[in-house]
Amino acid sequence: MLILLNVVKVDIVWALLGGIGAGMVLLHRHLPDKLKTLTGGATNCALPVINTCADVGFGAVVGSVVGFKSISNMLLSIPGTPLISLSLATQLLCGITGSASGGLGIAMELFAKQFLSLGLNPE
Numbered sequence: 001m002l003i004l005l006n007v008v009k010v011d012i013v014w015a016l017l018g019g020i021g022a023g024m025v026l027l028h029r030h031l032p033d034k035l036k037t038l039t040g041g042a043t044n045c046a047l048p049v050i051n052t053c054a055d056v057g058f059g060a061v062v063g064s065v066v067g068f069k070s071i072s073n074m075l076l077s078i079p080g081t082p083l084i085s086l087s088l089a090t091q092l093l094c095g096i097t098g099s100a101s102g103g104l105g106i107a108m109e110l111f112a113k114q115f116l117s118l119g120l121n122p123e
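Reminder that position 39 of the sequence shown reads as 39 in the numbering used here, one-by-one numbering, no gaps.
Since the hints were made in silico from the structure, they are not lab data.
Cβ-Cβ distance ranges computed for the label pairs, FRET-style:
no.	residue 1	residue 2	range
1	Glu123	Gly40	36 to 46 Å
2	Gly80	Pro48	31 to 41 Å
3	Asp33	Gly119	53 to 63 Å
4	Ile3	Gly95	39 to 49 Å
5	Leu120	Leu35	41 to 51 Å
6	Gln91	Ala46	26 to 36 Å
7	Ile84	His28	50 to 60 Å
8	Gly80	Thr39	42 to 52 Å
9	Leu31	Leu76	48 to 58 Å
10	Leu47	Leu26	19 to 29 Å
11	Gly80	Gly21	44 to 54 Å
12	Ser64	Gly21	40 to 50 Å
13	Thr37	Ile3	17 to 27 Å
Think of the CB as a built atom: it goes at the ideal place given N, C-alpha and C, for glycine as much as any other residue.
Generate the whole structure from the sequences, applying the supplied hints.
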């Protein structure tokens, strides 16, 4: 997977599928029921994906509420160095939305331009 991703420069999804395929081929003797293994893996990954989608959706709904504009203005006015104020604003936003992934998505949309203009390195 790492070779496909970094050397061949394949998209992450295809690199992951290639890693799964390589694991199935190389370790086929150690997998007693290959179909059960694949089905279990697909089932176990579905719930985290659905939860993340629900969290991001909930965060987007919270971000569209009328009172959210005043909260975002308050978060943008946190005093201190840009890095500290961005960290605090992002943490508070994640708490307000009730979702780390949703809060981060909204924070990057709201705060990125302002904090980049203050000289923060995006990397």
